[in-house]
Amino acid sequence: MCGIVGFNFKDRELLKKMIKTLNHRGPDNHGFYEDSKISLGHARLSIIDLKKGKQPLKNEKSTVWIVFNGEIFNFQELRRDLEKKDHIFETDTDTEVIIHGYEEYGYDIVKKLNGQFSFCIYDAVKRELFIARDRIGIKPLYYYKKDETLMFASELKAILQDLRVKRDIDKSVIRDYVSYGYVPSPKSIFKNVYKLDPGHYLIYKLKENRLFLKKYWDLHYVPSKTSFNKAKKELLSKLSNSVQKRLIADVPLGAFLSGGIDSSTIVALMSKLKKDVKTFSVGFEGQDDELELAKKTSDMYSTDHKEFVVSPAEFDLFPKLVYYADEPFSDSSLIPTYIVSKMAAKHVKVALSGDGGDENFAGYNRYVKNKYERLYSKVPIYNDRFKRIKEIAKEKNDSLRFIKGNEFFIDSEKDKLLNFKYEQSFKQKHIVNYKDKTNNLLYMDVKTTLVEDYLKKVDVASMANSLEVRTPFLDHKFMEFSASLPGSYKTKGLDKKHILKKAVKGLIPDEVIEGKKRGFSIPLDNWLRKDLKDELYSLTMKCCSRGYFNKDYVEKLWEEHLSNKRDNRARLWNLVSFEIWCRIYLDGIKVSKVLKE
122 MCGIVGFNFK
132 DRELLKKMIK
142 TLNHRGPDNH
152 GFYEDSKISL
162 GHARLSIIDL
172 KKGKQPLKNE
182 KSTVWIVFNG
192 EIFNFQELRR
202 DLEKKDHIFE
212 TDTDTEVIIH
222 GYEEYGYDIV
232 KKLNGQFSFC
242 IYDAVKRELF
252 IARDRIGIKP
262 LYYYKKDETL
272 MFASELKAIL
282 QDLRVKRDID
292 KSVIRDYVSY
302 GYVPSPKSIF
312 KNVYKLDPGH
322 YLIYKLKENR
332 LFLKKYWDLH
342 YVPSKTSFNK
352 AKKELLSKLS
362 NSVQKRLIAD
372 VPLGAFLSGG
382 IDSSTIVALM
392 SKLKKDVKTF
402 SVGFEGQDDE
412 LELAKKTSDM
422 YSTDHKEFVV
432 SPAEFDLFPK
442 LVYYADEPFS
452 DSSLIPTYIV
462 SKMAAKHVKV
472 ALSGDGGDEN
482 FAGYNRYVKN
492 KYERLYSKVP
502 IYNDRFKRIK
512 EIAKEKNDSL
522 RFIKGNEFFI
532 DSEKDKLLNF
542 KYEQSFKQKH
552 IVNYKDKTNN
562 LLYMDVKTTL
572 VEDYLKKVDV
582 ASMANSLEVR
592 TPFLDHKFME
602 FSASLPGSYK
612 TKGLDKKHIL
622 KKAVKGLIPD
632 EVIEGKKRGF
642 SIPLDNWLRK
652 DLKDELYSLT
662 MKCCSRGYFN
672 KDYVEKLWEE
682 HLSNKRDNRA
692 RLWNLVSFEI
702 WCRIYLDGIK
712 VSKVLKE
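Residue numbers (the numbering used here): 122 to 718.
Derived from the structure by calculation, the hints contain no laboratory data.
Ideal placement from N, C-alpha and C gives every residue a C-beta, glycine not left out.
Among the clues, some could well be false.
[Stated by the list, open to error] Estimated spans, in silico, between C-beta atoms of each pair:
(1) LEU334 <-> SER432: 29 to 35 Å
(2) ILE209 <-> LYS287: 31 to 37 Å
(3) PHE210 <-> GLU718: 19 to 25 Å
(4) SER713 <-> LYS654: 22 to 28 Å
[Stated by the list, open to error] Subject to a maximum C-alpha distance of 27 Å in a straight line, what follows is the list of computed DSSO-like cross-link-like pairs (lysine-lysine):
(5) LYS179 <-> LYS427
(6) LYS663 <-> LYS714
(7) LYS346 <-> LYS312
(8) LYS677 <-> LYS542
(9) LYS179 <-> LYS158
(10) LYS233 <-> LYS173
(11) LYS511 <-> LYS463
Taking the hints into account, I'd like the entire structure generated from these sequences.
Pasting the structure below:
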């Protein structure tokens, strides 16, 4: 992947600073383009056409310029079509396909791309910027708009290099952060800075200083009448095709292997298409993990397999990861994801992952649990845990109840935690009302947790190590196929991923298919109760001194957790992460000194 930046004025020194900030995304080459009205910058991670693929790239007349982050997996097919229309290519890159595609199709080129991307096209004739993000949100794009200034970048930290961009926290998003552990799009943690939503593009007309946003794609869950057996065969065929498309590269490739069904399936399909696959796994000290299952898949396909075991000492990495994340972000599995990315980056430049399998085929307990949660609305309240369950169960709308179940702090708890009033959350935004309840929940998950948490985590961890990660389950054509399947194919009673399990029977070890889902989280419970208790307690107390959070309530969270009255690990880690972010992005403390303050 790469890093891209740009703005609607001329300032070479600022352009260099912004690109330098994104060097981890693209250490192979830095490129710039400027005219009197526009500045574009690019940090390149070379994957395809290593010699000629430098950016910014232009058309023959130098009237269309592009900076591009990502990969287009159908670029060869698009190129053939464009060559038939007399377009002449000077490189073998996917980037040039977008330029000529824009000349031929205008904004609609984005609808023809199959890939993971964010890009900006500058049309010097129209005097406008065309900025787009991929359908699923695999690649990030931030932009700043205030008065007559527009800036964009792959990461927020690049935009912050312009000192005119004030680090003024939007308090309305703090309530969302403490609920979900991330700041939901389209807002960011700072006022006037936004994230471009997945499946959207932005048009900025320089002369008029006018900005337009447009959605170009969405996922629609309309079940077909395909039989279960036919769908099962199609699933494997389409997924194999998605894997094959993601093997195009002029550099070494590998795969993450967690020991779960999704990554094991990707490794199996990859091994049938490519020799000598390299695989990478992470486990956790003192915890039952999936390393043993990962080894079974590795042995089955004779992959070149490498492992790493995470210990409490790895907590020292966390401030660096908070810096790379740009905004408050409390998914603790960012640590092992960074470690497996670092391990992979020593051997390959591209890694395939199993991300998206759960969101396509209902792999989490919450999909099954949601069916029965309403029953808890009549349960007597014995303690705070039952109070939480009952509050969630009272919500009649399945999708709202689903997203409430994902919250670290529900509404009544936020009343106690926050020292300021908060408005209605973003959770109304992605409610759909298909007849199929399971598919309603999948849509909500794809639009929220998948893009805002899991995909952000993978982008942050991999790009910090200059590693490109590709996700076959998130091919938009494959996701449209998955969306066409009824929920009854995905969950059957208490069985999750029902059709996927049937499809991969014999392809991966039975122990993997039948194994209990363990997730990819660090042993936070031990860290909070034993190894790092004092350090983490101190961080949460200092977090309270900033005025956003009620110290007495946070003390109560600690007391409950340490006395085993309630598992508050995720809630406390949420506050730890926020304090570390504040030290880096508000206090200006160097990453290396954050834990010494």
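Each hint, compared with the structure:
Look at LEU334 against SER432: about 45 Å separates their beta carbons, and that is not inside 29 to 35 Å. Distance hint for ILE209 and LYS287: a CB-CB separation of about 46 Å, inconsistent with the stated range 31 to 37 Å. The hint said 19 to 25 Å for the Cβ distance between PHE210 and GLU718, and at roughly 54 Å that hint is violated. For the hinted restraint 22 to 28 Å between SER713 and LYS654, the CB-CB distance of approximately 23 Å keeps it satisfied.
A threshold of 27 Å between alpha carbons decides the hint, and for LYS179 with LYS427 the separation of about 41 Å lies outside it, so the pair is violated. Note on LYS663 and LYS714: the hinted pairing holds, with a Cα-Cα distance of about 15 Å set against a maximum of 27 Å. Between LYS346 and LYS312, the direct Cα distance comes to roughly 47 Å. Violation of the 27 Å bound is thereby established for this hinted pair. With a CA separation close to 21 Å, the supplied pair LYS677 and LYS542 stays within the 27 Å bound.
Note on LYS179 and LYS158: the hinted pairing holds, with a Cα-Cα distance of about 17 Å set against a maximum of 27 Å. Restraint check: the Cα-Cα separation between LYS233 and LYS173 comes to about 24 Å, which is no more than 27 Å; the hinted pair holds. A threshold of 27 Å between alpha carbons decides the hint, and for LYS511 with LYS463 the separation of about 43 Å lies outside it, so the pair is violated.
Hints 1, 2, 3, 5, 7, 11 from the list above are not met by this structure, while the remaining hints are.
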